[in-house]
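Novice: Under the UniProt record's numbering, read the sequence shown as residues 1 to 410, first letter to last.
For the record, the hints were derived by calculation from the structure and aren't laboratory data. Cβ coordinates follow ideal geometry from the N, Cα and C atoms, glycine included. Treat the hints with caution; some may be incorrect.
With a Cα cut of at most 16 Å, we get these calculated EDC-like pairs of lysine to aspartate or glutamate [unchecked claim]:
1) K349 with D333
2) K359 with E323
3) K13 with E89
4) K210 with E155
5) K96 with E141
6) K199 with D147
7) K13 with D36
8) K361 with D176
9) K222 with E192
10) K136 with D386
11) K199 with E226
12) K210 with E226
13) K49 with E85
14) K13 with D95
15) K361 with E155
16) K199 with E186
17) K280 with E307
18) K48 with E85
19) K288 with E265
20) K83 with D43
21) K345 with D333
22) K242 with E307
23) K13 with E75
24) K242 with D215
25) K359 with E155
26) K342 with E326
27) K96 with E73
28) K349 with E323
29) K210 with D176
30) K13 with E73
So the derived label-pair ranges between C-beta atoms look like this [what the hints assert, rightly or not]:
31) D386 with K345: 40 to 48 Å
32) A137 with D333: 52 to 60 Å
33) A149 with K342: 38 to 46 Å
34) H207 with A137: 35 to 43 Å
35) K276 with H207: 41 to 49 Å
36) K341 with L118: 46 to 54 Å
37) K342 with Q150: 42 to 50 Å
38) T205 with N371: 21 to 29 Å
39) D386 with L254: 36 to 44 Å
40) K359 with L254: 31 to 39 Å
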Amino acid sequence: MTIDISQHILRLKGQRVNEIELAEDGAKVIVQCSRDARRSAIDPATGKKGSINQHIRRQVNDIPFFGYPCVIEIELAQVFISKGERRIEACPFVDKGCRFTHRFCHLISGLCRHLSILAVSRHLGIRWETVKNIDKAYLMETLPALDPAQLAGLEYIGVDEVARAKGHDYMTVVYDMVGGHLIWVEAGRTAEVFSRFLKQLRPDTAHKIKAVSMDMGPAYQKAVRESLPMADIVFDRFHVMKNYSKAIHNQRRLEFRKADQSGKELMKGTHYLLLKNADKLNEKQSNKLQTLLESNSNLNTLYVLKEQLQALWSAPSFEGMSEQLENWCLIADQSHMLYLKKFAKSLRKHCVGICNYAKHKLTSARIEAGNVSIGMIRKRARGIRDTEYFKLKIRQSSIPDNQSMFYLKS
1 MTIDISQHIL RLKGQRVNEI ELAEDGAKVI VQCSRDARRS AIDPATGKKG SINQHIRRQV
61 NDIPFFGYPC VIEIELAQVF ISKGERRIEA CPFVDKGCRF THRFCHLISG LCRHLSILAV
121 SRHLGIRWET VKNIDKAYLM ETLPALDPAQ LAGLEYIGVD EVARAKGHDY MTVVYDMVGG
181 HLIWVEAGRT AEVFSRFLKQ LRPDTAHKIK AVSMDMGPAY QKAVRESLPM ADIVFDRFHV
241 MKNYSKAIHN QRRLEFRKAD QSGKELMKGT HYLLLKNADK LNEKQSNKLQ TLLESNSNLN
301 TLYVLKEQLQ ALWSAPSFEG MSEQLENWCL IADQSHMLYL KKFAKSLRKH CVGICNYAKH
361 KLTSARIEAG NVSIGMIRKR ARGIRDTEYF KLKIRQSSIP DNQSMFYLKS
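I would like the entire structure built from these sequences, with the hints used as guidance.
Specialist: So this is what it looks like as structure tokens:
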């Protein structure tokens, strides 16, 4: 049984559709085409007209047709250029050597944005490696370039590191903290990697950057001090509080080891109660935390100092924040807790970068939002082995997905 469908719907430029039929085994739809004789034979290498030596038939996969896999049998001309020189003409809707139409590649890449490669592979009945290679090739062709030399109007930027998989192949990501979009991503997390980005900025763009948000790692600090000596470094609140949470965790573990059996029973299940803010606790959790703090003076001190530490970011000025930070460290120094003293020492070391928040009010919210998206990519893939592909997926995640009906693009 054949089906008559308008060529305007099928959009197979350069081909004449002869018939559309269901394969004998009922497993797929086959679109039989012949070359449009009105079309000139063009040499794909030189762009010049030539004569047709012979016709070549080949099969390509297209988007599913009413739930059936779809195969298009097309006819292409072998162009005669000169004696011993013949080339197959280009096809407008499929690349040379590819077995999938442009619109099918677009569909696959669109699905890969929201689903794992394995899920797309199983849904469309295509090999895992083929799905991944199609998505990678499509992203390389369609994603806008990230060229630092073309950037302008930057005032605040943020830099962070992300991993392709836990402990593997770290990447450096850079965000425009005002516009909120990704402006650069590269493999590695060294000072040299970040310096490569900063040195590509135009001088007038680099001079206008007021501050750079980052964690307290030394590599990115070195790059900023060398390439942007006039810009302030801002250590974001998230990483400061994260380091303090580690101090609480380590001290609680020490207190647990020292406690008797009743004390250990009391401390069980209180780890996250100590880390949470008081307004996030329900009544039962508040009562349990209060009982713990009343019975353990060290943990009580850590909890009170946590609330005082959070208040640092309410200081109206750099000087005021510096003074509050030093007072906090003096209290920490008077305690007998090693982990708390080590944290206070780190605060003093990074005092300027922490207190620069009061000058610029720069937070890492945009970076953390980007890292959540990157984490979703990593989770769906259970780690990505191809570092270059991971870079492309990071770039894709920073672009809003407003391409509904993406499968209609040829």
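Novice: Could you tell me which of the hints above the structure violates, numbers in ascending order?
Specialist: As far as the earlier hints go, not one is violated by this structure.
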